[in-house]
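Trainee: Sequence:
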Amino acid sequence: MRRTRNAAVVPEGGEVVPRGRTRWWLFAALVTLPVLVLLPLLLVLVGVVLADEDDPGGGRNSDHVPCSEALAFGGAALPDGARPVGKCTLQGFQDTHYGASFRMPRTGVQAWLAHTYPDAPAPETEFCAGDAVDLCLDLGYARGLPDGVRAHAVEVRVVYEDDARTALVRFAAFTT
16 MRRTRNAAVV PEGGEVVPRG RTRWWLFAAL VTLPVLVLLP LLLVLVGVVL ADEDDPGGGR
76 NSDHVPCSEA LAFGGAALPD GARPVGKCTL QGFQDTHYGA SFRMPRTGVQ AWLAHTYPDA
136 PAPETEFCAG DAVDLCLDLG YARGLPDGVR AHAVEVRVVY EDDARTALVR FAAFTT
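For the sequence shown, this note's numbering assigns the number 16 to the initial residue and increments by one for each residue that follows.
Simulated from the structure, these hints should not be mistaken for laboratory data. One or more hints might be untrue.
Computed Cβ-Cβ distance ranges for the label pairs, DEER-style [claimed, not checked]:
| # | residue 1 | residue 2 | range |
| --- | --- | --- | --- |
| 1 | Ala157 | Asp95 | 28 to 38 Å |
| 2 | Ala137 | Leu57 | 48 to 58 Å |
| 3 | Pro99 | Pro161 | 14 to 24 Å |
| 4 | Tyr175 | Leu45 | 55 to 65 Å |
Computed from a predicted structure; not experimentally measured. No residue lacks a Cβ here, since even glycine has one placed at the ideal position from N, Cα and C.
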């Protein structure tokens, strides 16, 4: 057999046999499509597995800080009789976000808010974000945030717990 210029095979008998057509593109598509679909899913799965469950920021620039630091950023201090819940966090890249949770006596919540933010409006009880929130307060410089506070905004969410004596307070102070 010898090859001619157009790559057709010519056997010894002189009859020209055309070159076979391959379906390489079909094989490439069958291999490439599953890879393109499964690779992003695999990357998301690895990200979820490696994320720290204690970290509300999902692993993005989050550090554990003293609760006094988190509260001070928003112009507050831990009230008397309060116990921190979990770790207080600092997240930041361009903006800074401090978070703290603590339990305190239910009867002291209103007094603590009034003492900490004297120019703030009264806490709301109806239009709080989240179903399980009993009391909320959203502050900014135009809404009662004291001068000299480094945070641009403060959010306080209070949940009255089942024992009728305790309140869970979630505090967030951040820049925008």
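Trainee: Decide, hint by hint, whether the structure agrees.
Mentor: Taking the hints in turn, this is what the structure says about them:
| no. | hint | result |
| --- | --- | --- |
| 1 | Ala157 with Asp95: 28 to 38 Å | holds (30 Å) |
| 2 | Ala137 with Leu57: 48 to 58 Å | holds (51 Å) |
| 3 | Pro99 with Pro161: 14 to 24 Å | holds (23 Å) |
| 4 | Tyr175 with Leu45: 55 to 65 Å | holds (59 Å) |
In terms of the numbered hints stated before, the structure departs from none.
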